[in-house]
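Participant: Chains as they are written, first to last, in numbering that gives the first Met the number 0: chain A, 0 to 284; chain B, 0 to 284.
Among the hints, a few may not be true.
Because identical chains cannot be distinguished in the list, a pair is counted as satisfied if it fits within a single copy or across any two copies.
What the hints assert, rightly or not - The calculated DSS-like cross-link candidates involving lysine-lysine, where the alpha carbons are at most 27 Å apart (straight line), are:
| no. | residue 1 | residue 2 |
| --- | --- | --- |
| 1 | K151 | K161 |
| 2 | K147 | K161 |
| 3 | K151 | K165 |
| 4 | K165 | K56 |
None of these hints come from the bench; they were simulated from the model.
There are 2 protein chains.
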Amino acid sequence: MAEITDKIEVVKSSGEVVPFSLRKLTSSLRRSGADPAMVEEVLRQLEPSLYEGISTKKIYRLAYAILKKLSKSTAARYSLKRGIMELGPSGFPFEKFIAEILNSQGYSTRIGEFINGHCVRHEIDIVATKEGRTYMIECKFHNLLGTKSDVKVPMYIHSRFKDVEKVELTGNEFDVRFHQGWVVTNTRFTDDAIRYGTCMNMHLVGWDFPAKGSLKDLTDVFELYPLTCLTTLTKAEKQHLLEQNLVLCKELLSNESLLLKAGIRHHRLDGIMQEVRSLCGHTQV
Amino acid sequence: MAEITDKIEVVKSSGEVVPFSLRKLTSSLRRSGADPAMVEEVLRQLEPSLYEGISTKKIYRLAYAILKKLSKSTAARYSLKRGIMELGPSGFPFEKFIAEILNSQGYSTRIGEFINGHCVRHEIDIVATKEGRTYMIECKFHNLLGTKSDVKVPMYIHSRFKDVEKVELTGNEFDVRFHQGWVVTNTRFTDDAIRYGTCMNMHLVGWDFPAKGSLKDLTDVFELYPLTCLTTLTKAEKQHLLEQNLVLCKELLSNESLLLKAGIRHHRLDGIMQEVRSLCGHTQV
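In isolation and in its complexed conformation, chain A is listed as follows (with noise of 0.2 Å):
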């Protein structure tokens, strides 16, 4: 590979173009669990189908596949990204999938909860409590990679965490309703919004932010894979089992038989729950 790194510029989701970097992709890879054996087929296969001005989006489709046929559970994990983006088109499994990490760090979680703010009327994403602390849980999802959540997202974000922070109780006394706003996306921040939100005393959790605790490590540190991450589902499958509610990989160990229900066939029963197990059955229900 080495002599193809030198050579080729690979373009980003964002339109910029960059030298690609073989580093990048091996720790991409390493990263979701592949071992330096697994990481040298890959780049091995890969090679021939590099040209210049290659997508990044292109590179990861093609190491995905090869991945795939190496090891399923690998190839899963490295789609998290993507695996999270298929939440989408709404935002109702994205705020699902954070109220269950959430719950999973011990949190109690109520979803799209309405309330009453000192202007306006507001549907709050997530309302989530633990150790007597309530925080006013705002999620943002984007359907497209290389989208960046601005510093409008946290600064909005604020505006509705003021005026709910409060709640009124007679005249002019008022007790505290929240104790934090937080903004949660799947995608990064830009430095202006990490610069607001973190000033105001927001909690801010994007793809790769904070280092530690960003939305990357609390999925796998939980396990917490959505079963849009599966490849052995179709996506309007995934679709399916996302419209019954259910997001996660491992709501799928003890339930075979939602797979039915979703139109599966029998007989591809035993590869979906050997990958689901492999991806998600080392931690309990």
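Starting from the structure of chain A, add chain B where the hints point.
Facilitator: Just chain B, lined up with the frame of chain A:
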């Protein structure tokens, strides 16, 4: 027309289906300066072209084509909303247009200033001052008819206002930098946007809000029609003039040479200048 009005339904830009309203069409023609006889004539010529499920956009286009033959300046005023929309696709000509309206009202204005807020640096669309008070004015330009500015718009702009409102002098001493935040848009606001903005003591100006002093009103009162309203210029010529930093119809009054510079041939000048004078030649430049 009476029998038609009882029969057909029309489709708005928002997709909403409503009964055809002869009253609304008549009053929008009257507001453009058409006298009763002219309105009657437009309706008479329009009637054979109406059909079930016709879009309001199509009706507007047909009425506009008829009006254009009867009176160019009335047609130009009739097309104000679309004329403003043609200031796009970028928001800059709209900002300049709004600044001109403010200048006519005795404000002094600066466009696109960068200001360090408490948390982050912001680009403020227009900084306006009048009688010792300074206003932070944010312009929200939409390219699509039927789009509304929802509650998130005044919410993020309120956060921006709070971030720049005060300037730190030394230690804990602050001085007021902005007395009020404004939101100006070429479309409508949602009810929640109006409720939130008003509650937060912001000044909101939309296409038809507030009842007195809406964008439509201000443009009419000061005859500040954007040059995109002119019927004698092509879309390409208008875009060329906008790129030269010209926005208002009346800027052309004393500047025929600008039209020549934009590549318009001599033999068309008279026709164009006649329309310019009839549309916006009543007040001084």
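Participant: Is it within, between, both, or neither for K147 and K161, if the alpha carbons may be no more than 27 Å apart?
Facilitator: Cα proximity of K147 and K161: in one copy and across copies (24 Å, 24 Å).
Participant: At most 27 Å between alpha carbons: which applies to K165 and K56, within, between, both or neither?
Facilitator: Result: close neither inside a copy nor across copies, 45 Å intra and 45 Å inter.
Participant: Is the C-alpha distance from K151 to K161 at most 27 Å within one copy, between copies, in both cases, or in neither?
Facilitator: both (15 Å within a copy, 13 Å between copies)
Participant: For K151 and K165, with the copy left unspecified, which applies at a CA distance of at most 27 Å: within, between, both, or neither?
Facilitator: both (23 Å within a copy, 20 Å between copies)
When held up to the earlier numbered hints, the structure conflicts with hint 4 and nothing else.
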